[in-house]
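Take a look at the letters that make up each chain.
There are 2 protein chains.
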Amino acid sequence: MTAPNLAFSIPEYADRLARTRAAMQKADIEVLIVTDPSNMNWLTGYDGWSFYVHQAVIVPPEGEPLWFGRPQDVNGARLTTWLGDGSMFSYPDHYVQNPEVHPYQLLSGILRGVGHARARLGVEMDNYYFSAKCLETLRAELSDARIVDATALVNWQRAVKSEQELAYMRRAARIVEVMHARIREVTDVGLRKCDLVAEIYDAGLRGADGFGGDYAAIVPLTPSGRDASASHLTWDDRPMRAGEGTFFEIAGCYRRYHAPLSRTLFLGEPPAAMLKAQEAVLEGLEAGLAAARPGNTCGEMAEAFFAVLRRHGVEKESRTGYAVGVSYPPDWGERTMSLRPGDRSVLEENMTFHFMPGIWTDEWGFETSETIRIRGSGPAECLAEVSRELVVKR
Amino acid sequence: MTAPNLAFSIPEYADRLARTRAAMQKADIEVLIVTDPSNMNWLTGYDGWSFYVHQAVIVPPEGEPLWFGRPQDVNGARLTTWLGDGSMFSYPDHYVQNPEVHPYQLLSGILRGVGHARARLGVEMDNYYFSAKCLETLRAELSDARIVDATALVNWQRAVKSEQELAYMRRAARIVEVMHARIREVTDVGLRKCDLVAEIYDAGLRGADGFGGDYAAIVPLTPSGRDASASHLTWDDRPMRAGEGTFFEIAGCYRRYHAPLSRTLFLGEPPAAMLKAQEAVLEGLEAGLAAARPGNTCGEMAEAFFAVLRRHGVEKESRTGYAVGVSYPPDWGERTMSLRPGDRSVLEENMTFHFMPGIWTDEWGFETSETIRIRGSGPAECLAEVSRELVVKR
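Respectively, the protein sequence lines represent chains E and H.
If you count by this note's numbering, then the first sequence holds residues 1302 to 1695, one letter each, in order.
If you count by this note's numbering, then the second sequence holds residues 1302 to 1695, one letter each, in order.
Just so you know, the hints here were simulated from the structure itself, not pulled from any lab data.
Nothing here was measured: the structure is a model prediction, and the numbers come from that model.
Fair warning: there could be bad hints in the mix.
Note that the list lumps identical chains together, so a pair holds whenever it fits in one copy or between two copies.
[Said to hold, decoys possible] Pairs of lysine to any residue residues, derived as SDA-like cross-links and limited to a Cα-Cα distance of at most 25 Å, are as follows:
id: 1; residue 1: K1327; residue 2: G1364
id: 2; residue 1: K1617; residue 2: P1393
id: 3; residue 1: K1617; residue 2: G1387
id: 4; residue 1: K1577; residue 2: R1612
id: 5; residue 1: K1617; residue 2: L1467
id: 6; residue 1: K1327; residue 2: V1402
id: 7; residue 1: K1327; residue 2: D1316
Working from the sequences, and respecting the hints, build out all of it.
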C-alpha cells in the first residue's frame, strides 16, 4: 500500500484530535459523529467528492477515529487519511439512496459493537449532510443513547490556523491574485459571461508560484447589471454590456484552503451612488482592519466598519464577514464567528476571516473584500494584494 | 421590475406544481416544505448559490408556492422565479449561522400566519440542506402539526422529462462531447493534472453550438493510477505519468441540466486486466441499453448489465447508474431510481439516466458511461456521442 498523501504532519492531526476531545469532554460528549466534510478533512485528511452519500467520521473517547462511508470510497480513505484499515467501516452499496434502508442503521450497529449504545452522543444537528433522517435513525436504533447537539464543535477548533494552514492560505491568496488580474485583463463589452468564467477558472486552476489550484467551495459569483442586485447569482452565456457593473466573488483554493476575494468592475461610467458606496466601503474596510486585533470581538470589528457606513449614509443589513479556512461545498465559511454587531467571539492571533462588505441595492451590487489574518498585535494582515478600487473600463 | 429570466414557460411550471400537488394529496400532505435546491428550481425557477444558508419553497394546498430565504437573496428570487413579490418571505440576516436563533422559527411563524399550524406537513427528511435542527425546530414551534417524511416526493415528479428539459440536456450532451474531445487532445505525460482540469473547464464553460456551459453539480473527478482505485478523488497539481490510467467522470451542464459522461484514458500500455474489464463493460453497456425500454424495471436493466459482467468474471458491487436531470451540488443524480438489481421502478418514455458502469480495483479504475433517454420503444438513446473505448496514448 502506498503511503497516503497527507496535507499535514501526523503530530498536527494528533493535536487536532486532542483539541476536539478536550472540547467533547467539556461538552460532556463521549462519542462525536462528524458529518461536515470540512471537519472530516480537518480531523483525518479525508478528501473526496463523496459527501453526496452518507458518510461520517466517528470520534470515540480514545483511539483512532473511525471512517464510515460507501464501499467504493474506502480506497479514497486509504489514500487520503492517516487512519489504519481497521478504522474504516463501510455499508453495502444498496444502502445508497434507498428509502427502505439507511446507512445510519449500520452506523448505529458499529457504535453498539464498540460499546457505545448508551453513550452521550454528539451530532452536528445544524450542519451540512446530517439529515433529519440521520437523527431519526439514530434515535430509533440507539434508544438508550443520549443524543446532544454538537453543531460547530469541530468547526470552532479550526478557528486558529497553524503555520502550515496559513502557508496553504497564502498559496490560495497568490492564486486569487492571478484570478483577479485575469478578470481585469479580459473583461470587455461583448465578452460572453461564460467565456469570462472560463478565464477565471483557467487562472485559478493553473494557479501561481508553481502551485495549481483546487476547486473552491463556492463557484464564481459573477452577476452583472441588475442581476448584481442579487448576491448569489452565478453566470450565463449572454455577452457583457456597456453601462453595467459586475461583481466577482471568487476564491483561490489550495488543498481545500480558501482565500476568497471580491472585487467589482464597471464597463462604462459608474453611477454616482456606486462610487459613493465605494467611498464608504473602502473607508469602512480600513476601520474594520484597524479594529481586527486580538482581544477585540467580532462584533467590535463589525461595529467599526458599520459606523463608517452609517456616517456615509450607506445602508447594509447583512453581516460583513465570517471565519474562513478549509472547506467543501456549499460554503467556504467556517460557520462559527460572524462579523456582525453583537457577535461576542474574541479575536485571536492567526484566526482568519473573509471580511466581506457587500452592498446590494435594487439596481446594482458592489463588493470589495479581503481575506485577513489576525496578527499578534496591530491591524489585521490582508493575505492577498489586489487594488480595492472599482475597476472602470471605458 | 424587469421580467425574470425563466428557463421554462409558465404553463410548464404550472403543470409541475399540479403534479406535485397531486402527489401531495396522494400522500395526504397539506403543506410541503421543499429544501432540495433542485426541487426549488424545478418548481419555481429559483437559481442561485444560496443553499449554504437555510432556504425553502413552501407548497401550500392552493395558490402560489412561497419562497423563503435570506433578505439579500430576495432579489435573486425576483430575477429567477415566476413568483410574485407577495410570495417571498425572508428572515433577518442575523438568523444566518447564529446558534441562538433559527430561520425555521420564522418559517414556522409564516405557516401559522397562513393557517397551517395544525397541517399535515411534508418535509424532505433525507435530502440535502434539511438539517436535523430544521426538523427539531419545526417540532418545537408547530407542536400541533403532523410532520411526515416527503423525501423525494418532488424528485419523483421530475423523472419524466419535457421536450424543453430534453432540449437542455441535449445541449449539455453537446458540451460534454467537446469536453471529452479536449481531454483526448491535450492529455499527455508531464501535463499537470490541474492544467488538464483547466482545459476541461475551458471546454465545458465555452460550451458548444453557441451555448455556454453552466457549473456541474459535481466537479471533474479525474484520478490517475492507483488514485483511480478511489471513485471520488478530484485532482492535484502533480504531472501525469506514463503507465497510468485516468478516468474522467464529468458532465456538460446547461441551465442546471446535466449530461454526465465518463471515459478512461491510459498513457502507455494498459494492463490486461483493464482491457478485460473494458470488454465486459462495453458488452454489458449494450445489454443494458437494449433492456432500457418502457415497461422494464430499473432492476431488470441493471440485471441485463450485471449478467454480462458475471459471465466475464468481472466483479462490481455498486449500483450502475441513477436518474439524472436538473441539479445542484453535491449531486447531479435525482435520488429516486437506481440502476441496481431489485429496483422495481418501471421505465417510462423520456426518463433520463446516467448509466454508469464504473469498475474500481485496488490498483486502478475504469469508467465508461452514457447519459440515456428511454425511448417510446426499443433500446435507449445515448444523448452524447463519444467513442466508448479506452483512449490509449503511447
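List in ascending order the numbers of the hints, as given earlier, that are violated by the structure. 5
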